[in-house]
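Asks: Sequence:
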Amino acid sequence: GKYTVAVERSGWCWDGESAQQANVGKEDTTRMVFKQGGYQASITSSHEVEVSATPSAGGGAPEVLSLSKGKNSVCLSSSSEYKVDAHECLRFKKPTTFNAATPLSLVAAEGKVRVRVTAPSALPSLALTTTTTDKPVKPGKGKAKDGATVYEMSHWVALGGSSIVAPEAPGSGLLFTPPSAEVRPGGAKGCSKVAADFKTVGGAS
1 GKYTVAVERS GWCWDGESAQ QANVGKEDTT RMVFKQGGYQ ASITSSHEVE
51 VSATPSAGGG APEVLSLSKG KNSVCLSSSS EYKVDAHECL RFKKPTTFNA
101 ATPLSLVAAE GKVRVRVTAP SALPSLALTT TTTDKPVKPG KGKAKDGATV
151 YEMSHWVALG GSSIVAPEAP GSGLLFTPPS AEVRPGGAKG CSKVAADFKT
201 VGGAS
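Just so we're aligned, residue 1 is where the sequence shown starts under UniProt numbering, counting upward by one.
These aren't lab readings, by the way, just hints derived from the structure by calculation.
Since this is a predicted model, take the numbers as computed values, not measurements.
Worth double-checking, as some hints may not be accurate.
DSS-like mimics (lysine-lysine), calculated; alpha carbons at most 30 Å apart, straight line [to be verified]:
1. Lys143 - Lys199
2. Lys93 - Lys138
3. Lys135 - Lys69
4. Lys199 - Lys94
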């Protein structure tokens, strides 16, 4: 007759199905293989987000976890402690460590906001003042584009909040349009877009 054969082990996950159909007759059934795929862990996430987690002890490769908003059951290759790696667009509240026996509540607290400034030439004194950082934000190296120099700067803003940003270039004699802008973080994929785009006006003094 036909039977369902299942293996049960709390906290384990399986490669393939943990229950298989078998036809039992006069001859032995030998084609059933159950293979452990790892260890189940529980993560409750505030956002739909893809993160990587690395064993805290070191030596293990990062494992990519695709999380939906709410409760998730994920499969880890080890039962050891893991730490959620830094995310490109989100900062999470601590703790960010977990294992198969200890559930994790992953709560995003801040999102990265990108700002772009286009100038006619290099601006060594360029900086971005914000209402959410103690010091002005300095840009990376400017990139030449269509005869101008383009700078990008980023800073972190609390999710659900906003920041007023304004570029400045002391000693250059240049002003910017718009003079300032209110920016908001866009979530797990929001930092791929520029939140505010400034251009210089006027001439050097």
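Asks: Okay, which hints does this one fail, numbers in order?
Replies: Hint check: 3, 4 fail, others pass.
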